[in-house]
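Sequence order for the protein chains is A and B.
Counting in the numbering used here, the first sequence tops out at residue 586, every number present.
Counting in the numbering used here, the second sequence tops out at residue 1272, every number present.
Because the hints were derived from the structure by calculation, they are not lab data.
C-beta atoms are modelled at their ideal positions from N, C-alpha and C, and glycine is treated no differently.
Watch out, some of these pointers could steer you wrong.
With a straight-line cut-off of 20 Å between C-alpha atoms, the simulated PhoX-like cross-links for lysine-lysine are [what the hints assert, rightly or not]:
1. B:K1065 to A:K498
2. B:K1216 to B:K1008
3. B:K1215 to B:K1008
4. B:K1215 to A:K314
5. B:K1008 to A:K498
Ranges of calculated distance between the beta carbons of each label pair, as one might list FRET restraints [stated by the list, open to error]:
6. A:S209 to B:R1053: 27 to 37 Å
7. A:E529 to B:V1074: 22 to 32 Å
8. A:K71 to B:Q1248: 55 to 65 Å
9. B:H1067 to A:I354: 33 to 43 Å
10. A:E450 to B:T1217: 46 to 56 Å
11. A:M502 to B:T1253: 37 to 47 Å
12. B:P1057 to A:I458: 42 to 52 Å
13. A:C43 to B:N1167: 23 to 33 Å
14. A:V144 to B:V1077: 29 to 39 Å
15. B:V1074 to A:C43: 42 to 52 Å
16. B:V1074 to A:S74: 58 to 68 Å
Chain by chain, the residues run as shown.
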Amino acid sequence: MSSGHHEHSEQQEHHAEPGFWQKYVFSTDHKVIGLQYGFTALCFLFFGFLLMLLMRWQLAFPGQALPVIGKFFSDSSMPGGIMLPEFYNSLGAMHGTIMVFLGVVPLAVGAFGNYVMPLQIGAVDMAFPKINMASYWAFFVGGVVMLVSFFVPGGAANSGWTSYPPLAELATTGQTLWLLGMVFLITSSLLGSVNFIVTIIQLRVKGLSFMRLPFFVWAQFVTAFLLLLAFPPLEAAGVLQLMDRLAGSSFFLPSGLVVSGQLMHNSGGGTPILWQHLFWFLAHPEVYVLILPALGIVAEIIANNTRKPLWGYKSMVYSLIFLGFMSFIVWAHHMFMTGMGTVINAFFQTTTMIISVPSVIVLSCLFLSLWGGSIRFNTPMLFALAFLPMFGIGGLTGLPLGLTTTDLHLHDTYYVIGHFHYVVAPGTIFALFAGIYYWFPKATGRKMNEVLGKLHFIGSFIFINGVFMPMFIQGLAGVSRRLFDGGASYYHAGPVLKLNVMMSVSAWCLALAQLPFIINFFYSMFAGEKVTSDNPWQSTTLEWATPTPPPHGNFTFTPEVVRGPYEYSVPGESSDFLPQYQPVKG
Amino acid sequence: MMLEWLHKLGLPPVASVHGVAVDVAQAGVHWLMLVLFVGWMGYFIFVLFRFRRSRNPQANYQGVKSHFSTYVEVAVVVAEAVLLLGFSIPMWRQRVEAFPSASQATVIRIVAEQFAWNIHYPGPDGIFGRTDPKLIDLTSNPLGLDRNDPNAMDDITNVNQLHLPVNKPVIIHLSSKDVIHSFGIPQMRIKQDAIPGMSVPIWFTPSVTSEEMKKKTNDDKFQYQIACAQLCGLGHYRMAGYVTIESQEAFDTWLDEQGAKAQTSGDDAFWL
Ligand code: HEM
Ligand SMILES: [Cu+2]
Ligand SMILES: [Cu+2]
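Bound conformation, chain A alone:
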């Protein structure tokens, strides 16, 4: 682009019509970037899910050849259609990595944050549109690096999404690409987070004070701080691990390692535990990055579809901020079994119990918001409602993992897998679906089909519980996670082994249950029912004040906010909603 010309034209009211590349590919418009993020992230989510479907075959029928599809894999991954343990471990590590860093975060923050947040605060765009574009492309490159890693000798990273050394440092080339990919992904998130923070602080429209912000914006605000403060240690740690692998340093390797009977000649003197501290210092806040935007989406949809204000908006906001702070001092609860003294252990147990309190408050407020409502059961609302008990299960099952006594038995078992999947799958993913159904009409001008939507909801709800509920049972029985044969080598797994088949069948049915969504998504995009209003859900927040879909620059008037975000069913008003931007009468 010729920058001189561009700067000149930026001052004008209407921009010169950009070409295809600038409009859809290298765009600086937050909405286009949001959609790019969304589309890419959905593809990655689907891909990460496919990896898991493959793993579930091996877990249900260990050592048996995978019919039909198995033939398409190379001899270094599935000779004769039978999965190798190395490949299983790759799939596991990449499922985790892709779901977290390439699926949920980009969708929740990159897509919803980018698309909706500036609209909700009445901004014309993000504060730094070019940084925004850079953030998407860094993410894209990171994703490509991760994908390419499947094709290097030895396959993709296979040391878990946690990449604990020394295992990760002994691993094949895929691990190097994993680290490089992570550096891009982290950079992308850092660029994004700075942009979000500045935008929310600087670009709120007149009258939009912090306590009038939609809860979704608050969630993005806190999330951005988490990303900004938590990611740099992992970026540093990733570079250190890269040095260990490539330059012969030993940040995470102790002296005297003996691998396969051979004494390793590394410089030594490092400690594997250091990596765990750096990793979890990021990754615990990261799990709140996965959940806070979801809470934000659910809050918007619940307020809108109960036709009443959120109950306890202020306590929700304060809890959110407190949650953000606390999330930085609980990380070592992922390391309870590394050998801790009483004091450190008591500290992290206590902070972990404390952090459950604001989570309970936010969830309670959402539950209580339903009381007295006039509840509309449309598809977004169904997903948002289902989020509540599912996230509840995820949260509650965190308690026995957070207390070290009970964690002695449950640590690193399937109980953990069940716990965090209830948070991120029927929790966050449901919220993200809710968000897609809810904001789809704004982005496309068409509504998604309700019948297909409800079909999608019911199938997903049943089968997702079929996948994850049995994991608690296996975990109680003591079945370790990340087992290539699903526990068949162990006596204690015997009684609960048959659940593996049920979980796998549920997972495959869950995949089928996504068909209505995929059909609905593309069908509605081109042929869905057109919305007749810019505000089809009769909502109060600013994103609905724009034309549909919002043009470059977003608003056709300069909105001014005169009231709180959820003024539904205000007594004495004729309409059951008072938009934030609707001038006060008289």
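Given the coordinates of chain A, assemble chain B with the ligands onto it according to the supplied hints.
Leaving out everything else, chain B with the ligands in the frame of chain A:
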């Protein structure tokens, strides 16, 4: 009652002294979880029914006015505090500080490697012989034991076969040669990562012998196992060790046999 439910669900029978307290805490937390969940669900389903649009066309701006939820939150905090201060922190202190004296315990070393558990008994002298990574040989000397060290003469080493006497505390010094593994015996309610470069002691007291457990579970094939809980490579899934809990006499006999074998065979590969 909760414990019965958990056992029905799959929780293995407990077989260590402290494990009983772990299970009490386990039942306590699960009660708290169940009560909260059932309470919330009851409320949730009622609300979805009572406040559906067709029944309640006009929403109430105010919503809930009672302070009931505040009481619930306070109750949750109290319950968590009880679990934390009453059970969890004291229990952890007992785990990591209240070690029995070595003279009253069975003391062993366990060194994990991809994908086996090397078990090291100090022998009659009660002193572990010197080990050196340079001496490690995968087949003949996986622990790198220096057989020239007088303390090492009577040491007994073994792969994947852990024998322990019942009702006597055992202290295990745990470490690893290569990557991080995690030592867990589900029935003992014990778990600890085995980390290269660190030696971490753990202790517990087995309370049920393997034979008793066979009767109790009505299953001749019952087997205590060491389960690796930390991803340690492609063989993680099969990194099982075998644990036999037996009477002191049976244990002593076994140990003598192992010692004799080590003396006669002249190298450490007696288990092969
Ligand atoms: C809804 C479909 C999903 C299914 C059926 C599924 C299933 C599983 C299973 C069975 C495992 C354990 C594998 C093992 O221990 O060997 C696993 C691991 C994991 N999953 Fe998922 N999952 C799903 C969605 C998600 C989502 C949405 C996320 C994140 C946002 C996620 C993140 C992870 C992570 C981080 C791990 C741990 C990977 C590791 O061991 O390193 N999963 N998943
Ligand atoms: Cu292991
Ligand atoms: Cu392992």
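Which numbered conditions among the earlier hints are violated in the structure presented, ordered from lowest to highest?
-> 1, 4, 7, 9, 12, 13 and 14
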